[in-house]
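**Student:** Sequences listed follow chains A and B, in order. Numbering-wise, the numbering used here puts 155 at position 155 of the first sequence, and it's gapless, one number per residue. Adding 293 to a residue's 1-based position in the second sequence gives its number in the numbering used here.
Simulated from the structure, these hints should not be mistaken for laboratory data. Here the structure is a predicted model, which is why all the values come from computation and not from measurement. Ideal placement from N, C-alpha and C gives every residue a C-beta, glycine not left out. Heads up, a few of these hints could be off.
Below, simulated DSS-like cross-link-like pairs (lysine-lysine); rule was C-alpha separation at most 27 Å, straight line [as the list claims (entries may be wrong)]:
1) A/Lys-280 / A/Lys-257
2) A/Lys-118 / A/Lys-257
3) B/Lys-457 / A/Lys-257
4) A/Lys-257 / A/Lys-32
5) B/Lys-304 / B/Lys-633
6) B/Lys-304 / A/Lys-280
Counterexamples of contact, computed for chain A against chain B with all Cβ distances above 10 Å [said to hold, decoys possible]:
7) Asn-59
8) Ser-119
9) Thr-121
10) Gly-125
11) Asp-133
12) Leu-156
13) Glu-174
14) Gln-180
15) Val-186
16) Phe-228
17) Ile-252
18) Tyr-259
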Amino acid sequence: MQFLSYLISGISLGSVYALIALGYTMVYGIAKMLNFAHGDIIMIGSYVIFFAFGSFGWNPLVAVLFSMVICTILGVLIERVAYRPLREAPSLAVLITAIGVSYLLQQVAQLLWTSNAKSFTSVVGLQKITLFDGQLIISGETIVTILVCIVIMVFLTLFVNHTVPGHAMLAVSEDRGAAQLMGVNVNATISLTFAIGSALAAVAGALLCSTYPSLSPTTGAMPGIKAFVAAVFGGIGSIPGAFIGGILLGIIENLSKAYISTQLSDAIVFAVLIVVLLVKPTGLLGKKVNVKV
Amino acid sequence: MPLSRLKNMKKTTKSNIITFGIVIVFYVIVEILSGAGLTSSSFEGQLVPICAYVVLAVSLNLTVGFLGELSLGHAGFMSAGAFSGVLVWTLLGQTLPTWLAVLLAFLVGGCVAGLFGFAIGIPVLRLSGDYLAIVTLAFGEIIKNVINACYLGYDSNGVHFSLKDAASMGLEADGTTLINGAMGITRIKTVSTFTIGIVLVVLALIVILNLINSRAGRAITAIRDNEIAAQSVGINLTKYKLMAFVTSAVFAGLAGVLYGLNYSSLVARRFDYNTSIQILVFVVLGGMGNIRGSIIAAALLTVLPEMLRGLDDYRMLIYAIVLIVMMIFNQSPQMIAWRKRIAERFKDVRKPGGKKKEVA
Numbered sequence: 001m002q003f004l005s006y007l008i009s010g011i012s013l014g015s016v017y018a019l020i021a022l023g024y025t026m027v028y029g030i031a032k033m034l035n036f037a038h039g040d041i042i043m044i045g046s047y048v049i050f051f052a053f054g055s056f057g058w059n060p061l062v063a064v065l066f067s068m069v070i071c072t073i074l075g076v077l078i079e080r081v082a083y084r085p086l087r088e089a090p091s092l093a094v095l096i097t098a099i100g101v102s103y104l105l106q107q108v109a110q111l112l113w114t115s116n117a118k119s120f121t122s123v124v125g126l127q128k129i130t131l132f133d134g135q136l137i138i139s140g141e142t143i144v145t146i147l148v149c150i151v152i153m154v155f156l157t158l159f160v161n162h163t164v165p166g167h168a169m170l171a172v173s174e175d176r177g178a179a180q181l182m183g184v185n186v187n188a189t190i191s192l193t194f195a196i197g198s199a200l201a202a203v204a205g206a207l208l209c210s211t212y213p214s215l216s217p218t219t220g221a222m223p224g225i226k227a228f229v230a231a232v233f234g235g236i237g238s239i240p241g242a243f244i245g246g247i248l249l250g251i252i253e254n255l256s257k258a259y260i261s262t263q264l265s266d267a268i269v270f271a272v273l274i275v276v277l278l279v280k281p282t283g284l285l286g287k288k289v290n291v292k293v
Numbered sequence: 294m295p296l297s298r299l300k301n302m303k304k305t306t307k308s309n310i311i312t313f314g315i316v317i318v319f320y321v322i323v324e325i326l327s328g329a330g331l332t333s334s335s336f337e338g339q340l341v342p343i344c345a346y347v348v349l350a351v352s353l354n355l356t357v358g359f360l361g362e363l364s365l366g367h368a369g370f371m372s373a374g375a376f377s378g379v380l381v382w383t384l385l386g387q388t389l390p391t392w393l394a395v396l397l398a399f400l401v402g403g404c405v406a407g408l409f410g411f412a413i414g415i416p417v418l419r420l421s422g423d424y425l426a427i428v429t430l431a432f433g434e435i436i437k438n439v440i441n442a443c444y445l446g447y448d449s450n451g452v453h454f455s456l457k458d459a460a461s462m463g464l465e466a467d468g469t470t471l472i473n474g475a476m477g478i479t480r481i482k483t484v485s486t487f488t489i490g491i492v493l494v495v496l497a498l499i500v501i502l503n504l505i506n507s508r509a510g511r512a513i514t515a516i517r518d519n520e521i522a523a524q525s526v527g528i529n530l531t532k533y534k535l536m537a538f539v540t541s542a543v544f545a546g547l548a549g550v551l552y553g554l555n556y557s558s559l560v561a562r563r564f565d566y567n568t569s570i571q572i573l574v575f576v577v578l579g580g581m582g583n584i585r586g587s588i589i590a591a592a593l594l595t596v597l598p599e600m601l602r603g604l605d606d607y608r609m610l611i612y613a614i615v616l617i618v619m620m621i622f623n624q625s626p627q628m629i630a631w632r633k634r635i636a637e638r639f640k641d642v643r644k645p646g647g648k649k650k651e652v653a
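Chain A on its own, in the form it takes in the complex:
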């Protein structure tokens, strides 16, 4: 029973990773860049909710929506100012810029709100569920996290596969030049990708901080990196891959925390990445791409 409880909280953590990994994997698939700042957008989104809901007492749903809007604007702005000038530059330059942006967000947050951790009030109003005579307790946050993640996954898959902007995204990720020749607005599509990824980051931030209620400028960094591991695990560029990778990684992390060592759980998660790259570099659902000259 205890195992089941660890498993369920692992799936909940994994759902958060999956939401973050979606942002990574879409941006990687379409803009071919590793957006290091993604984790820090989560942090900014969580601060927005912290002030809107915790300090000003807004309705939690409105606060989350407001945070999604702020994160979307921030994500699109970052793409416009920092990444777009470097779109034709070597990938190393983009990567270093992304690290700079990630650092910038952390430092600005630290200057504005100090590095002291703030205690986040959960935005979930659901009661916990007790099963098997109190042997298994599932918190409201866990249920909401898993449900929200599944709903978003379904909608996103439908969006990408059945709408015109979704098809544009697929086309740009397949071949940017050819998509442009066919009349796809590449800049708008990339902006849209960043907007969706950042909005999902805001949701992920709300859920993450509701489950682990400590908020500081570095809150987003570690989940962001782990979510990237999840994206690689599932196969970078693949939306279902991000989902599966996220859930599996969450389970691995929680079980190793419970049964091996709390201190070493991060190390185990990262060891998974190295093993995946050794055994199947394209990830679980990734496609092998042949480079043509």
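Using the hints provided, position chain B relative to the given structure of chain A.
**Tutor:** Chain B in isolation, oriented as in the chain A frame:
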């Protein structure tokens, strides 16, 4: 005739001599000043870290500037080198002569970091893309977490080791704790001196400059500029990528030993992600692919924060802005075109005859 020989010297040789010259002149000036008692103690305390950071920046430049791959775990290699080297020093420092123990500490530290670099490089460098960045980042975190959870000691029964806590190590009362988890290694007898630091800097420069200017170095830069073209002329990608990456890791480890032997205590937290980024800032600010730039940037950025204490809160913010602005300014195609236009305008102004373009 020495002068004519200087004129006929190859461009790279001349440039290398200037680089070595800067280091040696810096050493001589500092020695003279401190001999005359003109340097403050806080500046003297900075000398060994400066050398360590210079070696780190130069070695990271080999990976970032010449190989064109991003390593975000340079602090991890530094940490691996520091801990293994300091362990050797604490174990052998009393029994062996000092110079031999220090030499062994450096050898072991460099080898351990190099082995880690090799172990990480093999799976990752076969892949193209940004995987090396994320895996080295992961490696840095793994090293930090494992050393933070690591308890190591010895007594009359032999060596004890635990990843849980100090008690589960099962050490006898007379045993000695070597690594005490998050407390790290304490009571280190400090031996690092500015002279050792400069020797290490010169060694790093000799090895790395020679590597860059050799056949292997040309292969490495060819891979950076066009991987497919390099492969099609028969360059063994994995071999040369590994060569650059492992060399870089070895020197990060050596710098770690130098750094570790400079303080009486050593904790894994000191070698975190922020340290890796700081080294990256040195490389980017000094110019990717420019060894001399790395040296100057590392030395200046280590000394400046000490002098500008008031800016301490904003230091990391400035680093972040430096990274973004330098990248956009140096690498964006539009900016490169814009800079060319500006440069041409200046040329036109300087030349008599105004804006007329010369016909080639």
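**Student:** Determine for every hint whether it applies to the structure shown.
**Tutor:** Right, here's what the structure says about each hint:
1. A/Lys-280 / A/Lys-257: The hint holds at about 25 Å.
2. A/Lys-118 / A/Lys-257: holds, 24 Å
3. B/Lys-457 / A/Lys-257: holds, 13 Å
4. A/Lys-257 / A/Lys-32: violated, 33 Å
5. B/Lys-304 / B/Lys-633: Roughly 25 Å separates the two Cα atoms, so the pair holds.
6. B/Lys-304 / A/Lys-280: violated, 46 Å
7. Asn-59: Holds: least Cβ distance 34 Å, greater than 10 Å.
8. Ser-119: The claim holds: A/Ser-119 sits with its nearest Cβ about 24 Å from chain B, beyond 10 Å.
9. Thr-121: Holds, since 28 Å exceeds 10 Å.
10. Gly-125: holds, 35 Å
11. Asp-133: At roughly 33 Å from the nearest Cβ of chain B, A/Asp-133 sits farther out than 10 Å, so the non-interface label holds.
12. Leu-156: holds, 23 Å
13. Glu-174: holds, 17 Å
14. Gln-180: holds, 16 Å
15. Val-186: holds, 16 Å
16. Phe-228: Label violated. Min Cβ-Cβ 6 Å, cutoff 10 Å.
17. Ile-252: Given that every Cβ of chain B is farther than 10 Å from that of A/Ile-252, nearest at about 14 Å, it holds.
18. Tyr-259: holds, 13 Å
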